[in-house]
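Colleague: Chain B: place on chain A using the hints.
Number of protein chains: 2
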Amino acid sequence: MSNQMTTDIFASNDIAGFIEHSVEVMAVMEKIKIKISEIYEKYGFQPFATRLVEDADVLSQKGIDSKELFSLNFLSRGTEYIPGEDRRILALRFDLTVPLARYIGQHSNVMKFPFKRYQIQKVYRAEHAKVATGRYNEFYQSDIDVIGQGSIDLTHDSEFPAIICDIFQNIFNLERFVIRISNRKFLEGLFREYGVNDVTLIKQCIKIIDDIEKVSEQETIDRLHSVGLDMEKGRELLDFFREISSMNPMKTIPYLRGKFSNSLILQGIDELETVFEGIGMNGVSTSHFKFDPSIARGLDYYTGTVYETLLLDYPELGSVCSGGRYEDLVGTLARNKNIKYPGVGISIGLSRLVPTLIMKGHLSCDDYKTTSIMVSCQDKKFINKYIALGSMLRRNGHNVEIFQQRNKKLAYQLEYAEKKGIRYVLIANSYEFDEGKINVRNMITKETTSIALSELLTYFASMN
Amino acid sequence: MSNQMTTDIFASNDIAGFIEHSVEVMAVMEKIKIKISEIYEKYGFQPFATRLVEDADVLSQKGIDSKELFSLNFLSRGTEYIPGEDRRILALRFDLTVPLARYIGQHSNVMKFPFKRYQIQKVYRAEHAKVATGRYNEFYQSDIDVIGQGSIDLTHDSEFPAIICDIFQNIFNLERFVIRISNRKFLEGLFREYGVNDVTLIKQCIKIIDDIEKVSEQETIDRLHSVGLDMEKGRELLDFFREISSMNPMKTIPYLRGKFSNSLILQGIDELETVFEGIGMNGVSTSHFKFDPSIARGLDYYTGTVYETLLLDYPELGSVCSGGRYEDLVGTLARNKNIKYPGVGISIGLSRLVPTLIMKGHLSCDDYKTTSIMVSCQDKKFINKYIALGSMLRRNGHNVEIFQQRNKKLAYQLEYAEKKGIRYVLIANSYEFDEGKINVRNMITKETTSIALSELLTYFASMN
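Chains as they are written, first to last, in the working numbering: chain A, 17 to 480; chain B, 17 to 480.
Bound conformation, chain A alone:
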């Protein structure tokens, strides 16, 4: 109950779009980042972090509307902060992919490929914040990518669904989620099959498909019509999407092979087959992934596999983990422009997801409390004894707070311990010290037990 109360997003006196949570939720977020890192590391991804700013030119050329970029200025002069002699304007990173690309472009000569990195940092967008719908100016992205030099084998694409499952099941305590997978070659081939052959029109079709869940079915059909697809064919396409996404992913491959002869479609099907087979080998249940041809991803640079992840009970969150495969990450930023750096990766949007999971009861703030024992202060004249007791417990591996404020009633100290999620409060005054004993209050059962000081470590060992 109390957890639910603390999950409110602070509004008073706040800067909209730069959200901050209660200290309890903050603690969960900081700890979740570490737990996710551990799973990334289990799969061979290594820690990585980049600076806050990039050349504004680099960001603008990477496909974001420059209206969405924050620049870094001198407060006192009101002018852009420009380092060095080269008149570069700096802007804040809007994602974690461009900084990775820029870093590889600079340092590929001292790196070994494939390069598998994880990166959990905040990103910044200068759009109008809508806190209610989760559109923030500052938010966490939690990214993993594997980047090859020249090429990156297709089986890498199969590992990401296993990682998503590991995180969603073991950290987020979620079972009802599905990773929707498609392939850009398949989708593009499909539009060609349906008579759309112009590259620009195909791009428009992909964007329309990417928005499929934001508008009505009729609206999607109308939009596809406006870029050259017959109304009838549009309806047929949506029916086809529905049919495929309701099937077991492993059964879709032979079914589709029999249906199409278009070479781009068949290439997409071949890729999907390899990926699906690998996903199975990685131990992912077919209840957690499916082939959904209506997954397109808005960004231009995807060229193969694309992923979105849907929480079945919270569809209003949209895709909580998305990504895909791209032919060349580094592009014009490379030292040697003849080498391509293809890759595949996913990103989890933690800033919306974690508070929702707390509110819905999947994550409990209590599980993320960091102090387990508090030595209370019954009489400040014994402070040195309290400190010695706390130090001894710390040396034996416990996280211990020594309450050190004089003249605070025990009731206040217990309230304090409760708020902080502390499990045991030690209570001792002259009587206990004389007797070589200590009272241990279990904050969950509310029971207090008198224990010989010499038995204290054994007692805590038995409680864990």
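Among the hints, a few may not be true.
As the list claims (entries may be wrong) - Below are the DSS-like pairs computed for lysine-lysine, each with C-alpha atoms no more than 27 Å apart in a straight line:
| hint | chain 1 | residue 1 | chain 2 | residue 2 |
| --- | --- | --- | --- | --- |
| 1 | B | 424 | B | 462 |
| 2 | B | 128 | A | 397 |
| 3 | B | 424 | A | 401 |
Simulated from the structure, these hints should not be mistaken for laboratory data. Small disclaimer: the values here were computed from a predicted structure and weren't measured.
Modeller: Relative to chain A, chain B alone:
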């Protein structure tokens, strides 16, 4: 050797002042942050993180020169980003103390005090970067503070030296460091004793003392003379500083009590006595702390205990961990302006310290590698077997990379594993799979052992 090479700070094509390191050093930094957090938690501090930006007005009123502040602007319009209707200009945080104060000012009604938090985030200064001397525009601070509502007991000041020792000895592998401690009341009393009574002049004296190591002794004497202290008294003062800081800290207290009668000095001595006694109780050896009256700290807001930490072998780094006690953190930012929020805290400057410790051999990048086993790819047709093997090892707690690039020679794969600090490479082809065996190459001893697949887990268990 190779570690030393990788510690170079990248310069090429970089933005001066926003430094980035090699991926090996990055990994150490990310992991060190977690290890430090664990020590903070051992002492009852809880995780805390704030947004990137604050109201520019709030930052300016908190004592920083507004020339050192970055503001957040719209790149496309060239104007400040101003959220909401209230025309507030946003600036990037320059430390972690003001954001803490602002947060407490907003949310004290739902918080319990004392509030012990740790916060490890980057801060931003718009000064001219001097990378060679470690003056950056973006750098990590690692802060802990304990904040009281109304009051904060003096014994809290004793805990910080124990935490510094814990981190410096157990994480940084340093023994030759000393925490220099003084007290602002003592220092102010001393200037009054020496005839400086004007508050503004005393502040100037404190700033001169804070700069004592940046200039010659004669220069300090001249500066003190310029604000009203006789040359003779100035020399006497510096001699006195030297005398005290060479003494065992526990012996300084009775010695100083006999020497002064000024009440402010005596109050400072009383405070130092309590703090020193507590430091001993917290298990800190007298070789790691001393009373050094020449420690002043530049900031106005310190009112009692002040700390600086010197690495005896790297004095050029200056103080690597500093802090102190302040009477009121929140001040005008409080909801209820009648309540004071005094506190005490320290800050470690990780961005300069960690790369130096790597270069000097105290930290080894090898100790911070995250992948322990790699399944090599001898023949891509066995990829499903490699994936199954890797998955099995992951389920048993190992961090495993499955090399998935086809047609990469074993020599390349071993180089890759070595660069990534992977300890074991598994090598299997049709012969091994037929025989139910696997070759395990130990990357440190360079030995390869053939092991039955059924024995593999036992083998790794025995190696750890």
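Colleague: Can you give the numbers of the hints that this structure goes against, from lowest to highest?
Modeller: Number 3 - this is the single hint that the structure violates.
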